[in-house]
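Participant: Chain by chain, the residues run as shown.
4 protein chains.
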Amino acid sequence: MTDTQLHVEDLAAPSAHAHGYIDHKDDLLKRLRRAEGQVRGVQRMVEQDEYCIDILTQVSAATKALERVALALLDDHLSHCVAQAARDGGEVAETKLKEASDAIARLVR
Amino acid sequence: MTDTQLHVEDLAAPSAHAHGYIDHKDDLLKRLRRAEGQVRGVQRMVEQDEYCIDILTQVSAATKALERVALALLDDHLSHCVAQAARDGGEVAETKLKEASDAIARLVR
Amino acid sequence: MTDTQLHVEDLAAPSAHAHGYIDHKDDLLKRLRRAEGQVRGVQRMVEQDEYCIDILTQVSAATKALERVALALLDDHLSHCVAQAARDGGEVAETKLKEASDAIARLVR
Amino acid sequence: MTDTQLHVEDLAAPSAHAHGYIDHKDDLLKRLRRAEGQVRGVQRMVEQDEYCIDILTQVSAATKALERVALALLDDHLSHCVAQAARDGGEVAETKLKEASDAIARLVR
Numbered sequence: 001m002t003d004t005q006l007h008v009e010d011l012a013a014p015s016a017h018a019h020g021y022i023d024h025k026d027d028l029l030k031r032l033r034r035a036e037g038q039v040r041g042v043q044r045m046v047e048q049d050e051y052c053i054d055i056l057t058q059v060s061a062a063t064k065a066l067e068r069v070a071l072a073l074l075d076d077h078l079s080h081c082v083a084q085a086a087r088d089g090g091e092v093a094e095t096k097l098k099e100a101s102d103a104i105a106r107l108v109r
Numbered sequence: 110m111t112d113t114q115l116h117v118e119d120l121a122a123p124s125a126h127a128h129g130y131i132d133h134k135d136d137l138l139k140r141l142r143r144a145e146g147q148v149r150g151v152q153r154m155v156e157q158d159e160y161c162i163d164i165l166t167q168v169s170a171a172t173k174a175l176e177r178v179a180l181a182l183l184d185d186h187l188s189h190c191v192a193q194a195a196r197d198g199g200e201v202a203e204t205k206l207k208e209a210s211d212a213i214a215r216l217v218r
Numbered sequence: 219m220t221d222t223q224l225h226v227e228d229l230a231a232p233s234a235h236a237h238g239y240i241d242h243k244d245d246l247l248k249r250l251r252r253a254e255g256q257v258r259g260v261q262r263m264v265e266q267d268e269y270c271i272d273i274l275t276q277v278s279a280a281t282k283a284l285e286r287v288a289l290a291l292l293d294d295h296l297s298h299c300v301a302q303a304a305r306d307g308g309e310v311a312e313t314k315l316k317e318a319s320d321a322i323a324r325l326v327r
Numbered sequence: 328m329t330d331t332q333l334h335v336e337d338l339a340a341p342s343a344h345a346h347g348y349i350d351h352k353d354d355l356l357k358r359l360r361r362a363e364g365q366v367r368g369v370q371r372m373v374e375q376d377e378y379c380i381d382i383l384t385q386v387s388a389a390t391k392a393l394e395r396v397a398l399a400l401l402d403d404h405l406s407h408c409v410a411q412a413a414r415d416g417g418e419v420a421e422t423k424l425k426e427a428s429d430a431i432a433r434l435v436r
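Protein chains in written order, with my numbering: chain A, 1 to 109; chain B, 110 to 218; chain C, 219 to 327; chain D, 328 to 436.
Careful, some of the hints might be misleading.
Claimed, not checked - Derived DEER-like restraints, expressed as beta-carbon distance ranges:
(1) B:142 to D:364: 44 to 52 Å
(2) B:132 to C:308: 16 to 24 Å
(3) C:248 to D:361: 17 to 25 Å
(4) D:361 to C:243: 41 to 49 Å
As the list claims (entries may be wrong) - From the derived model, a few chain D residues whose C-beta atoms are all more than 12 Å from chain A:
(5) 350
(6) 353
(7) 358
(8) 360
(9) 371
(10) 395
(11) 411
(12) 428
(13) 436
As the list claims (entries may be wrong) - Here are some, though not all, of the chain C residues that point toward chain B, as calculated from beta-carbon distances under 10 Å:
(14) 247
(15) 275
(16) 293
No lab work stands behind these hints, which were simulated from the structure alone.
All of these numbers come straight from a predicted model, not from anything done at the bench.
C-beta: ideal position from N, C-alpha, C; glycine also.
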């Protein structure tokens, strides 16, 4: 685990180092449950031999929903964890920035 | 030709209706259940306050899994429904091609 | 080259086997020249030390422009080459469909 | 211009606030010139009536090249401008983070 140190710091100042998405947890879970429902809907469509293009439309909708979840998570991560690490400076800051860049690259490709 | 026969069967049993993915239905459903499991896994990670970047990695994996499902569906659709429509010609062919193009554009963006 | 045969046939009946984009050549070239101009614009911005985010906006615009060119090319390809191959049937049809699927997968990822 | 303040500060301490990509300018320009060459290559292929799929492969290569430029720019931007803004804090930090998030969203979609 890369963020053990931050977790230790959390004990002293929980509001400062809690994960970025902590304030949006309910919203994230709601979106994820909706995305799960969309994926299950796609399964039902395949089981019921629905038309390929209609299924594709649903798959695209589920993919876009997950992309929005990813962007929301990344947003929170940048404005909390990464910003905090930048303030702390040093090696942790560099690690966090590298991690964020890699995550962005995975989203783009 | 694999789908001439299916079309003939359609007359007797409309439920068989021979969509392009009919031969890959089990494979598609298996992939979709795995993608559903991944989305549920992401929910669990959010509930347990796991690290943002680890969650993002899982979201990307689920998104990529859905993209592969979409490409597989599109493949089957092109080689069955669209190819058949091209052979039939006329307005149906044009509609099918337009539909496929629109679906591809939705996947790319 | 996979389409040697088609090229040979072109000599006898050019309208039948010309590449799908033949009717949109001017439009494609216009879009490509604009995309080239956008990429050159990005170079100028980097040379003049403009603000990263403004440069990123321009890079995104150029990328989107190229994506639209790709979708237009694919459209023409499906409704001409692939549709023709589907009508001809046989191994050529399968090769063309496989090629188109691979090209779509490259666009999506 | 949103970064007037940073520019003013640049006069005093140029190395601290120069744009993030300043150290990679030559590399960026080299990549951009290569991308420009690729786009020109695509134009030539269209002019010479080359095969659609071969052209599509080239368009995908150019698009991927631009995406890599965008990721490199974003990397530099996060580790310089955004990290600096996070250290400075206040409204500028929020603006920079919002800008970066919007740029990432444009890249993903």
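Participant: Compare the structure with each hint and give your call.
Facilitator: Tested hints:
| no. | hint | in the structure |
| --- | --- | --- |
| 1 | B:142 to D:364: 44 to 52 Å | 46 Å, holds |
| 2 | B:132 to C:308: 16 to 24 Å | 20 Å, holds |
| 3 | C:248 to D:361: 17 to 25 Å | 23 Å, holds |
| 4 | D:361 to C:243: 41 to 49 Å | 25 Å, violated |
| 5 | 350 | 15 Å, holds |
| 6 | 353 | 20 Å, holds |
| 7 | 358 | 15 Å, holds |
| 8 | 360 | 22 Å, holds |
| 9 | 371 | 28 Å, holds |
| 10 | 395 | 9 Å, violated |
| 11 | 411 | 8 Å, violated |
| 12 | 428 | 5 Å, violated |
| 13 | 436 | 7 Å, violated |
| 14 | 247 | 21 Å, violated |
| 15 | 275 | 17 Å, violated |
| 16 | 293 | 5 Å, holds |
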